[in-house]
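A.B. asks: Read off the chains here:
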Amino acid sequence: MENVSIPILKSGNYLITSPQVALHDKLAVQFKKDILGRIVETKAEGLVLDISAIDVVDSFMVRQIGEIGTAASIMGTQVVVVGLRSTVAMTLVEMGFLLRGVQTARDLEKGLEVLQKTGRR
Amino acid sequence: MEQELIEILEIKSEADIIEARVRAKAIAEALGFNYMDQTRIATAVSELARNACQYAGKGKMTIKPLNKQGKKGMEIVFEDHGPGIENLDRAMKGGYSTGGGLGMGLSGSKKLMDEFDIKTKSNEGTSITVRKWL
Numbered sequence: 001m002e003n004v005s006i007p008i009l010k011s012g013n014y015l016i017t018s019p020q021v022a023l024h025d026k027l028a029v030q031f032k033k034d035i036l037g038r039i040v041e042t043k044a045e046g047l048v049l050d051i052s053a054i055d056v057v058d059s060f061m062v063r064q065i066g067e068i069g070t071a072a073s074i075m076g077t078q079v080v081v082v083g084l085r086s087t088v089a090m091t092l093v094e095m096g097f098l099l100r101g102v103q104t105a106r107d108l109e110k111g112l113e114v115l116q117k118t119g120r121r
Numbered sequence: 001m002e003q004e005l006i007e008i009l010e011i012k013s014e015a016d017i018i019e020a021r022v023r024a025k026a027i028a029e030a031l032g033f034n035y036m037d038q039t040r041i042a043t044a045v046s047e048l049a050r051n052a053c054q055y056a057g058k059g060k061m062t063i064k065p066l067n068k069q070g071k072k073g074m075e076i077v078f079e080d081h082g083p084g085i086e087n088l089d090r091a092m093k094g095g096y097s098t099g100g101g102l103g104m105g106l107s108g109s110k111k112l113m114d115e116f117d118i119k120t121k122s123n124e125g126t127s128i129t130v131r132k133w134l
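For the protein sequence lines, the chains are A and B, in the order given.
Going by our numbering, the first residue of the first sequence is number 1, and it counts up by one from there.
Going by our numbering, the first residue of the second sequence is number 1, and it counts up by one from there.
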């Protein structure tokens, strides 16, 4: 559990990542640092964060996602979160949480479309 | 004898927060809660387990199936012997945190459950009981 690292793949000007394990707090913080490091290293225009495998998103995770989005946008990289389960979306709404600093789209394909549209402007 | 199935978990680390929600979700599923409610319960457990772990260093989670005059449900109790919550009204209102989160853990988990009781005493600890009915 301690040495898990989540792959962050590069395709063209975009980064794509999709955690497949439950992220405990330290791993979530490490994942955030890894993403921001990869953005600096690759100068990616956009990042798609697929959370379709994540069944619980709590306030800690919301904060990490918000920080990823805000830090990335300061560096000129758009973040699109895709694959939110309907149960996760409902839970976030009921708790009154907003995903700040990121855009959302249904799936990876739609997420890439969002980035392409933003990039052309 | 469903009532005898009491699950206890010591929460000492971040890894136990995940273990707590995995166990709560499994029990919720076994009791017949649908996937939406399993997610609500697991999310509330995640918030409350972190609360105990973060502010008190450790805590204990107890899960108990409920059966009250044919009404079935699930009760989860979180107990810690930490410093207690100094300003409970402010903590329950949300948006205020001394722990680096969103400050919405308590208010958020209350919204996900049907019943939420909290007892806290300075330098003695905090006990939070939540219930969800089928």
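Check the hints yourself; a few may be wrong.
[Claimed, not checked] Which bits of chain B does chain A cover? Going by a derived footprint, with three or more residues having C-beta under 8 Å, they are:
(1) 40 to 52
(2) 57 to 71
(3) 105 to 115
[Unchecked claim] Going by beta-carbon spacing under 8 Å, a handful of chain A positions derived as facing chain B:
(4) LYS26
(5) VAL29
(6) GLN30
(7) PHE31
(8) SER52
(9) VAL88
[Claimed, not checked] Listed below are the simulated DSBU-like cross-link pairs for lysine-lysine, each with C-alpha atoms no more than 30 Å apart in a straight line:
(10) LYS33(A) x LYS12(B)
(11) LYS32(A) x LYS111(B)
(12) LYS72(B) x LYS60(B)
(13) LYS33(A) x LYS43(A)
(14) LYS58(B) x LYS33(A)
(15) LYS43(A) x LYS32(A)
(16) LYS58(B) x LYS26(A)
(17) LYS26(A) x LYS71(B)
(18) LYS110(A) x LYS32(A)
(19) LYS58(B) x LYS111(B)
(20) LYS10(A) x LYS32(A)
(21) LYS26(A) x LYS12(B)
(22) LYS71(B) x LYS12(B)
(23) LYS111(B) x LYS64(B)
(24) LYS111(B) x LYS12(B)
(25) LYS93(B) x LYS12(B)
(26) LYS32(A) x LYS93(B)
(27) LYS32(A) x LYS12(B)
(28) LYS111(B) x LYS26(A)
(29) LYS68(B) x LYS32(A)
(30) LYS60(B) x LYS26(A)
(31) LYS68(B) x LYS111(B)
(32) LYS71(B) x LYS119(B)
Rather than coming from a laboratory, the hints here were simulated on the basis of the structure.
Even for Gly, the Cβ is constructed at its ideal location relative to N, Cα and C.
A.B. asks: Hint by hint, say whether it matches the structure.
C.D. replies: Hints versus structure:
no.: 1; hint: 40 to 52; in the structure: holds (count 6)
no.: 2; hint: 57 to 71; in the structure: violated (count 0)
no.: 3; hint: 105 to 115; in the structure: holds (count 6)
no.: 4; hint: LYS26; in the structure: holds, 6 Å
no.: 5; hint: VAL29; in the structure: violated, 10 Å
no.: 6; hint: GLN30; in the structure: violated, 12 Å
no.: 7; hint: PHE31; in the structure: violated, 14 Å
no.: 8; hint: SER52; in the structure: violated, 14 Å
no.: 9; hint: VAL88; in the structure: holds, 7 Å
no.: 10; hint: LYS33(A) x LYS12(B); in the structure: holds, 25 Å
no.: 11; hint: LYS32(A) x LYS111(B); in the structure: holds, 28 Å
no.: 12; hint: LYS72(B) x LYS60(B); in the structure: holds, 23 Å
no.: 13; hint: LYS33(A) x LYS43(A); in the structure: holds, 15 Å
no.: 14; hint: LYS58(B) x LYS33(A); in the structure: holds, 27 Å
no.: 15; hint: LYS43(A) x LYS32(A); in the structure: holds, 16 Å
no.: 16; hint: LYS58(B) x LYS26(A); in the structure: holds, 17 Å
no.: 17; hint: LYS26(A) x LYS71(B); in the structure: violated, 40 Å
no.: 18; hint: LYS110(A) x LYS32(A); in the structure: holds, 23 Å
no.: 19; hint: LYS58(B) x LYS111(B); in the structure: holds, 24 Å
no.: 20; hint: LYS10(A) x LYS32(A); in the structure: holds, 16 Å
no.: 21; hint: LYS26(A) x LYS12(B); in the structure: holds, 14 Å
no.: 22; hint: LYS71(B) x LYS12(B); in the structure: violated, 33 Å
no.: 23; hint: LYS111(B) x LYS64(B); in the structure: holds, 20 Å
no.: 24; hint: LYS111(B) x LYS12(B); in the structure: holds, 26 Å
no.: 25; hint: LYS93(B) x LYS12(B); in the structure: holds, 27 Å
no.: 26; hint: LYS32(A) x LYS93(B); in the structure: holds, 28 Å
no.: 27; hint: LYS32(A) x LYS12(B); in the structure: holds, 24 Å
no.: 28; hint: LYS111(B) x LYS26(A); in the structure: holds, 26 Å
no.: 29; hint: LYS68(B) x LYS32(A); in the structure: violated, 45 Å
no.: 30; hint: LYS60(B) x LYS26(A); in the structure: holds, 21 Å
no.: 31; hint: LYS68(B) x LYS111(B); in the structure: holds, 22 Å
no.: 32; hint: LYS71(B) x LYS119(B); in the structure: holds, 25 Å
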